[in-house]
Amino acid sequence: MQIRPLTEWLEAYGESHQNPTNKLIHWICVPAIMFSIIGIVWSFSPAVVIVVMAMTLIFYFMLSLPLSLAIIALYAVMSGIAASLGEYLLSLSITVFVASWIFQFVGHKIEGKKPSFFEDIQFLLVGPLWCLNFLFKKWNLRV
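Just so we're aligned: 34 in this note's numbering is position 44 of the sequence shown, and the numbers increase by one with no gaps anywhere.
These aren't lab readings, by the way, just hints derived from the structure by calculation. A portion of the hints provided could be inaccurate.
[Unchecked claim] Derived CB-CB ranges, DEER-like:
{"no.": "1", "residue 1": "A44", "residue 2": "I71", "range": "17 to 25 Å"}
{"no.": "2", "residue 1": "R(-6)", "residue 2": "M45", "range": "17 to 25 Å"}
{"no.": "3", "residue 1": "A66", "residue 2": "I100", "range": "28 to 36 Å"}
{"no.": "4", "residue 1": "V88", "residue 2": "F108", "range": "27 to 35 Å"}
{"no.": "5", "residue 1": "W91", "residue 2": "F34", "range": "25 to 33 Å"}
{"no.": "6", "residue 1": "I92", "residue 2": "E1", "range": "22 to 30 Å"}
{"no.": "7", "residue 1": "I62", "residue 2": "G4", "range": "21 to 29 Å"}
Every residue gets a Cβ at the ideal spot worked out from N, C-alpha and C, and that includes glycine.
Make the full structure from the sequences, and use the hints.
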């Protein structure tokens, strides 16, 4: 896995996310996709969710401690919600996953640029950092 500095990842991701509508779609759908993936995997094995989270955190910690800690908080909240949904979790997660990806592709159609992960699959992990980075800037927090 090629590890570039956080700024390079965020700038590269941001290049295909300039349109305000596309940005809004991503700010909503990226966390929704995160939740849906946690929910789908949780439906089969909560232990696997923990392993996958730990693996992604290795990548995140190599880029930014503050953003990694925010990701951990998101993982905790999303896992708690997933654990509370019981028998509805799988169907809800699949629905959210499909709907969010449809909206993401609509956003990229509006933007006129293909999704970043078409170039590098690692951009699927960068999306959540891009959203959090926006919040950190807004709140004057260091990344």
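Do the hints match the structure? See the list:
For A44 and I71, the hinted distance range of 17 to 25 Å is satisfied, since their beta carbons lie about 19 Å from each other. Judged by the Cβ atoms, the range 17 to 25 Å given for R(-6) and M45 holds: they are separated by roughly 19 Å. Look at A66 against I100: about 33 Å separates their beta carbons, and that is inside 28 to 36 Å. Remark: the range hint 27 to 35 Å for V88 to F108 is contradicted by a beta-carbon distance near 19 Å.
Range check, W91 to F34: about 20 Å between beta-carbon atoms, so the 25 to 33 Å window is missed. Checking the proposed 22 to 30 Å range against I92 and E1 shows it holds: the Cβ atoms sit about 27 Å from each other. The given range of 21 to 29 Å is respected by I62 and G4, whose C-beta atoms sit roughly 24 Å from each other.
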